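As you go down the protein sequences, you meet chains C and W in turn. For reference, each letter of the first sequence is one residue, going 1100 to 1460 in the numbering used here. For reference, each letter of the second sequence is one residue, going 69 to 680 in the numbering used here.
Simulated from the structure, these hints should not be mistaken for lab results. It is possible that some hints are incorrect.
Now the stretches of chain W that chain C is said to cover, found in silico as 3 or more residues with beta-carbon under 8 Å [said to hold, decoys possible]:
#1 481-493
#2 532-538
Below, in silico cross-link-like pairs of lysine to aspartate or glutamate (EDC-like), each with a Cα-Cα straight-line distance of 20 Å or less [what the hints assert, rightly or not]:
#3 W/K120 - C/E1339
#4 C/K1223 - W/E72
#5 W/K180 - W/E170
#6 W/K366 - W/D202
#7 W/K180 - W/D224
#8 W/K78 - C/D1392
#9 C/K1223 - W/E73
#10 W/K307 - C/D1392
#11 W/K515 - W/D433
Because the structure is a prediction, the values reported are computed rather than measured. We treat Cβ as the ideally placed atom computed from N, Cα and C, and that holds for glycine.
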Amino acid sequence: MSRLSKIFFDPYLFFSIFLISFLGLFFLYSASNGDTYIVLKQFIFVAFGLILMLLVSQPDPDLFRRYALLFLIFSFLLLGATILFGPEINGAQRWVRIGSFSIQSSEFLKLALPVFLASFLYSKRLPIQPKEVIISLLIIGTAFIVIAKQPDLGTGLIVVLSGLFVLFLSGLSWGFMGGSLVLLIISSPFLWNVLLQPFQRQRIATFFGIDSDPFGAGWNIIQSKIAIGSGGLFGKGFGEGSQTQLNFLPETETDFIFSVIGEEFGFFGVLLLLSIYLFILMRCFYLALDARDRFCRLVIGGISLTFAANLIISLCMVVGLLPVVGMPLPFISKGGSALLSLFLAFGIITSMGTHKKFLPQ
Amino acid sequence: MIFEERQIEKNNFSSRALILFALMGLGFLAVLIQVFSLQVSSYSDYEIAALKNKNYVIPIQSLRGEIFDRNGRHIVRNEPTFDLITRPDSIKNIDSFLDQIEPVIYLSESEKFIYLKLFKDKAFANKELVLKKDLTEVEIARFNVRSHAFRNAFIDKRYRRITDYPEIFSHVLGYTSRSELPYKLLSNIPISHWKDGELIYANGFIEGKTGLEETYNSQLIGKPGERVYEVNARGRLVKSLEYRPPTNGSSLKTYLDIEAQMSAAIFLGNRRGAVVAIDLSSGGINVLYSSPSYSINKLSNGLSVDELQNLINDENKPFFNRALQGRYPPASTIKPAIAMFGLANKLVDWDFQIKDPGFFTLPEDGRVYRGWKKGGHGKVNLRKALLVSSNTYFFSLAYQADINELALHLSNLGFGKGVCKDCFDEDQVFVPTPEWKYKNVNTAWFKGDTVNLGVGQGYFVATPIQLANYASILANKGKGFELSLVMNSEEYYMPQIWQNNEYSELDWKRMHQALTDVIESDYGTARSIRDLKTFLVAGKSGTAELVGLDSKEAYKELRDTELLRDHSIIVVFGPMPNPKYAVSVVIENGESGGAVAGPVAIEVLKSLINDE
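All chains should be built: construct the whole structure from the sequences, respecting the hints.
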């Protein structure tokens, strides 16, 4: 065996992520109107993130399993710190500052929760018992409430999804799911009024055309659709998108960076981008099926599906299929902590997917 | 877990994972379909929407056409002035900029105030801003020497609409004033963009408000050009993308004659009145003057509130265009028309004569209608009746007329209707008929009204342009044109001509002779103007009574009140025997027609003949 074979590394995953995050730098350059400072900063995160991913891939999955609870508690503490000490930015407390570096604390929970649930459920017999389900749901619920109160409904929902994915994959009974769905529908008016902030209700109302005001809440989505639609088949060219460059499109570096890509690179550009994402997902699906044990399967499935849900919700919002609540496009939107948590996630996935217990000698 | 259980768990996981990944796949598909519908199916809609976002079209003002007189001399022209324009966006410190420019260009406090008020917005939107209008030559020279120091300012040409004859052409030309409306109708540029238009006039977007400027506004104004700017979401102009030059307005060549118009103004002086002169070969209006007048340049290019208020409150009503809207009894000037009516209806012939005792008694009620000369003119035939202006003759002639036929005859001569194709706001007035009287005075017509009509008094009034038109029909032996100020350049328009054939050539010859004798013979009522000229002139004067009086003595008392004095009226045409021009003159409260209005008419006629 060469030395290289001791490095746990999935070339498909690594290179596709490498490709998409460098494409992301390229898009970010245009989306930020050629702001090299932003791109350089993002580049450092990408480079650091790739290394982080490699490092995180090395430990044996058992290590993650053993420290899962610790990781979860740490994440909750971080969130608590955010609520207590975090600066308020645009009416929301989402960040915690460590030195000159800000971390969006909820990002960690997105990973810690599925890993912990997997470690909690991996040894349970099928079908999993109501007691286990209730414990899992309590943890998921707590995580959601803490994040949703920041308020960050988008991330809160993603965290809920990440937990539910693991629950579902670990064999949650169909009857239980059916019952929960009915309950959810019944309680939806309550959720609407209690959980949603006025501005969030406004966004949703706008989306369903209840309140159509092109210069108010609907402005962003109208401009996003104009940007994407006017890109046509081939796009307007790099740095040539008028919606982007003349600032008609809001939040081009974060939530609406996909619209920039749509405008400047057209349908074929979008197709290429989505293909890479799809490839990453399919690779994860393969790794999940091929993983050495139930814990690895649940972690890969949970994290990669969370990634997929995050991605699809983000895409659906900017193309006008879902109300805009603000969610970055993975690997492409500006933002260090989101990026690092993604690399961390794929590091964990790689670790889970590449460590085999019974290596044939 | 035992092996089988592990296998069951694995299969269970696989199928559940497949469900979730497939769901994600569906999500991808939904996104892809939506993107396809945006970028491919609805591409053109969104392409237009994106262009609408970023393209900001502004209008570029076109140069208004100029106005020329019949000899091709400028009446109205575009005079360049020079404005100092700045680019606020590139001025970093406005105070030091102003400190720097003040020694070069004098700035008043109000100019600075306005500039500072608008500065921020213009800088933000990257638009230009005028700092000072109408620079002097010294200022231009001083600035040009130092222009290298002012990269953020430049001098640009802006026009003013100017006439060299501001007082004498005011009513006929009319004034222009700031208005974006007519431009807006000419183009598809959004209304909100007009405030950013590129101007060529110092006054902004201007339109004609009265006179020729209004009537021919659509020709004069041209078509605005367009400049397409790229703007960002905050409305800042980023760069110019397209430029379509404006089409300048077409100029007007008029029949007006500067010299003759000037004569009218000079000889009318500061009296209230009007002069109209017509070219008999075309129906073109050579002179259209109303007095008192006002400065059209001031009105177009800025008038103080006080000056405007003084003009409005002036009891002589300078804004009132007497030539087109003044209603005056035609008085004796109508007698040739009544004579033509008598001839056509065989009520009289040239030999028919009556005895004029100086008054006419209405048979019905014994009411007496007096002539101007006590004791009368003795035996009077038609020629003499015209020469000496016998009221009695025309009272008795009118007495025999059917009022409706007479009214029709008068309207054939242009009374009671618009006679000018392109005059601004012409008053059509009316020809009184029994129907008219019943409607407006609410009493029945009686014979005395017809008798009064015979000498151009009573309810009958006419405008100076109608009188000139009437004189032109007499001069042209029954041929009438639709009068116009502007020589028609358009192919489709031909002057309207009508010909009255009720009268023989001999009748017309005798009529012309009689009217020539009014001025040229020793007995004519207008003989006082005979020696003012070297050519023969035909005409008929009149003295329009404002108050019906029975005696000269009573009138003498009345004279003390100037505004109750008679109006002096004359219509002339000449040179005889082949007349080229017809002129009407009305002088309000000027008294005796021939002696007062006559000289003005002769001077205008002389100018027209000399200035050909």
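Now the hints, each set against the structure:
1. 481-493: With 0 residues closer than 8 Å to chain C, the stretch 481-493 of chain W misses the three-residue bar; violated.
2. 532-538: violated (count 0)
3. W/K120 - C/E1339: holds (16 Å)
4. C/K1223 - W/E72: holds (15 Å)
5. W/K180 - W/E170: holds (10 Å)
6. W/K366 - W/D202: holds (15 Å)
7. W/K180 - W/D224: holds (19 Å)
8. W/K78 - C/D1392: holds (9 Å)
9. C/K1223 - W/E73: holds (11 Å)
10. W/K307 - C/D1392: violated (62 Å)
11. W/K515 - W/D433: Holds: W/K515 and W/D433 sit about 10 Å apart, inside 20 Å.
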